[in-house]
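Just so you know, the sequences run in chain order A and B. Heads up, the first sequence is in our numbering, so the first residue is 73 and it goes up one at a time. Heads up, the second sequence is in our numbering, so the first residue is 5 and it goes up one at a time.
By construction, these hints were calculated from the structure, which means they are not laboratory data. Take these hints with a grain of salt, some might be off.
[Stated by the list, open to error] Sample of chain B residues at the chain A side, in silico, Cβ under 8 Å:
#1 178
#2 188
#3 258
#4 360
#5 362
Please read these numbers as outputs of a predicted model, since none were measured by experiment. Heads up, the beta-carbon is just placed ideally off N, CA and C, and yes, glycines get one too.
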Amino acid sequence: MSALPQTRLRIFMTGVGGQGTLTATTLLARTALAAGLPVTSGEIHGMAQRGGVVESTLLIGCKSPKIGPGEADILLGFEPLETLRALSYLKPGGLVLSSTEYLPPLSVACGREASPDIEAIKAKVAACAGQARFLPCRSLGLQAGAVQSGNIALLGALCAMGALPFGLDVLADTVRATMKPTVAEVNIKAMELGAAYPA
Amino acid sequence: MASPLISGTPGQTHLLLGNEAIVRGAVEAGIQFISCYPGTPSSEVPDTFFRLAPEGAYTFEYSVNEKVALEIGGGATLAGALTLVTMKHVGVNVAADPLLTLAYTGAPGGLVLLSADDPGCHSSQNEQDNRIYARLAGLPCLEPATAQEAKDMTAAALALSRELGAPVLLRTTTRVNHLRGPVTLAEPLVLPAPVGFQKNASRFVPIPAFARPMHLRLLALLETLRDRADSSPFNTISGAGTVGVVASGISRAYLADALQENSLEGQVKVLDLGFTYPLPEKLIEIFMTGLSTLLVLEELEPVLETEIRALAQKLGLSLTIIGKMPGGKTPGHLPRFGEFSVGLVSAALRSVLGLPAKTVAACQADTTDANVCGPLANRPPNLCAGCPHRATYLAVRKVYGDAAIYSSDIGCYTLGILPPLRAADFLLCMGSSISAGSGVAKASSHLKNQDVIAFIGDSTFFHSGITGLVNALFNRHNLLVCILDNRTTAMTGHQPNPGVDKTNQGDNPVRVDIEKLVAGLGIEHFRKVNPLNHKATLKAIEELKGLTGVRVLLAEEPCPLFARRAYGKKQTQVAYVAESCGEKGDCGDCLDILACPAFYKDGGKVAIDPLLCSGCMLCLQLCPNIKARKGDTK
Chain A
73 MSALPQTRLR IFMTGVGGQG TLTATTLLAR TALAAGLPVT SGEIHGMAQR
123 GGVVESTLLI GCKSPKIGPG EADILLGFEP LETLRALSYL KPGGLVLSST
173 EYLPPLSVAC GREASPDIEA IKAKVAACAG QARFLPCRSL GLQAGAVQSG
223 NIALLGALCA MGALPFGLDV LADTVRATMK PTVAEVNIKA MELGAAYPA
Chain B
5 MASPLISGTP GQTHLLLGNE AIVRGAVEAG IQFISCYPGT PSSEVPDTFF
55 RLAPEGAYTF EYSVNEKVAL EIGGGATLAG ALTLVTMKHV GVNVAADPLL
105 TLAYTGAPGG LVLLSADDPG CHSSQNEQDN RIYARLAGLP CLEPATAQEA
155 KDMTAAALAL SRELGAPVLL RTTTRVNHLR GPVTLAEPLV LPAPVGFQKN
205 ASRFVPIPAF ARPMHLRLLA LLETLRDRAD SSPFNTISGA GTVGVVASGI
255 SRAYLADALQ ENSLEGQVKV LDLGFTYPLP EKLIEIFMTG LSTLLVLEEL
305 EPVLETEIRA LAQKLGLSLT IIGKMPGGKT PGHLPRFGEF SVGLVSAALR
355 SVLGLPAKTV AACQADTTDA NVCGPLANRP PNLCAGCPHR ATYLAVRKVY
405 GDAAIYSSDI GCYTLGILPP LRAADFLLCM GSSISAGSGV AKASSHLKNQ
455 DVIAFIGDST FFHSGITGLV NALFNRHNLL VCILDNRTTA MTGHQPNPGV
505 DKTNQGDNPV RVDIEKLVAG LGIEHFRKVN PLNHKATLKA IEELKGLTGV
555 RVLLAEEPCP LFARRAYGKK QTQVAYVAES CGEKGDCGDC LDILACPAFY
605 KDGGKVAIDP LLCSGCMLCL QLCPNIKARK GDTK
């Protein structure tokens, strides 16, 4: 493991409880390990399953499982409002991949508070990211066969961009190695849909 | 598929959660007995043991509280079993009484107490530093920083404990429990079956005459352990220079990354401390000799800093020690609260080395810029759709209103603090709702119409609410106790408690019936309801309100998430909002009083998301415009 180049890479992931953010994080961490990379990931549980914000991290070449403000090379937002909320973790000029499809907080769903529209979020992201990709993850997940696989669509897009020290093939291998065959096929399809989604 | 945690091939590397690595470490040490009370961030340790129990060669139990868990574990080690007891940091307070005596009597079979601390209060009511318990009780303490170390130190702590016949503290923090990293497995030991309890009253019965020599033996043991700490492979010196850094726990990870970030590797002298108590004095003396400045990195209390300052004074060393203590020539650099980070350690390091401060540019969500988006709507955790607690809170508040005092407890139902339910006015600790509520009621008994209502969940009631209820009866307190029985321990991940009939692993054959228990205590004013039956619940609460003394409402309905998983409950109906909604003008009552996450506004009209609706049908009982229809089975 130590013979490989020690490229440091920090990925910050954010989403909503119940969305499968931690499953995606673990999958990506397993993929990094399968690629022989020194990986650490972190997550904060607790009240996550009650519809709160879920944040997780994946770091390559680092010992710490935590990412501070301005430290993330890549920000993965599985929900656009959470992408915006977590933007301060991004290193200026970093890469952002985000879903465009909202899971509105209760206060927004009930019309008590407003939420920025996707164009405003894209503008905010563009103001500090070097590169950004937006995908309709929920729709891609449904198209693949399960709404939760939308997260894997985002991982597929990330791997296809060449932003990681491993490619789609290693991700696909890990999906097959760690999931039941039927679930794996849905996720492979989601991964491919994400990878092929036009920039 | 067999789990690698039980039957993984030695030499293989797996990506493990810190808590899974602790499980594997225990398995490699030959663990025979595990007791616990679940609590974030420790829960995945017992939950994994519970899930894998059919594969493993160990005895496991969820005890009713941490004191009981440690007493059960204490008994098991007295009978010769290699034992692990797990809990979150505040649980050690509950277990403190047996802990401090267990250090005297010892642990013949070996016993490790896992204390999972929570700097930053990610999921706790305080951020106490349980390394202090190691000092208070006299327990050797190990503190891992990576997944590999979580496994290795668990195995080492168990082996050490068994060798010494003394309990050992394994202290983690949330970041360590919930990190994932590569872990290379080793060969598990197979221990002989426990020898059974060996009678020796002077060793195991701490009457004063025996307790005094027990204390002396403990003090002598701690002195001999300094050598072990000095030579421990978990305590290592690296780097060079006249500036030194001592780091422990997860701070070691932050330090390693901060050194790398600043290209300072090898340019400062580093002492990594994993075996942190008793303090490895000889090793630290060697480390400090020749240093001009020493930075001490530890989250929360200045525990190591205090001991290292005392050691430096004893050795007559004149180096400058920088940590958390303010004053003198060494202003505190580091906070005594919250978590550390790479950025914080990096800043401290640069300051100590006289390097200019580095500003980290960060992207700004700029949530105050109203032209772009305005302040971002928060996303607080909320009671789930169909949660029976919402129904109980709604009914209690309808009857009692804002003037009553609501004593809360620890569980999902603490989320009832949020508007519109606002059903939590104060909270001390697990099981405090009934007793603290009794105190409030007694001290305000001269005030007119000062009703006190205590809310407590089923698991918390078994944990330490029963004693409060007995006390309330005995001391003739005046309050309404609402036992929110959702048939599981929901908040920490659906662990069983004595009252459940189902667990994630099947049926619970011996159920303690709360209704019979309350009746057995002699409580006269008792009502049992299904809170999803709104009318019946209101009636019961109104009747109880008209009475005085200790009154108990048992609101029983399974957590819908658990019911789906454990009871295989199928949902046949969902609620929908009929066209008639809004005909008599804008109302929105359902949104304002329920805060059910299945509700949303669709272009000014209230709607219910059929995917989120659990079919509890509480809302139907509140508004004639909400109706039921056949739902897709999910």
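Hint by hint, here is what the structure shows:
{"no.": "1", "hint": "178", "result": "holds, 7 Å"}
{"no.": "2", "hint": "188", "result": "violated, 10 Å"}
{"no.": "3", "hint": "258", "result": "holds, 5 Å"}
{"no.": "4", "hint": "360", "result": "violated, 17 Å"}
{"no.": "5", "hint": "362", "result": "violated, 11 Å"}
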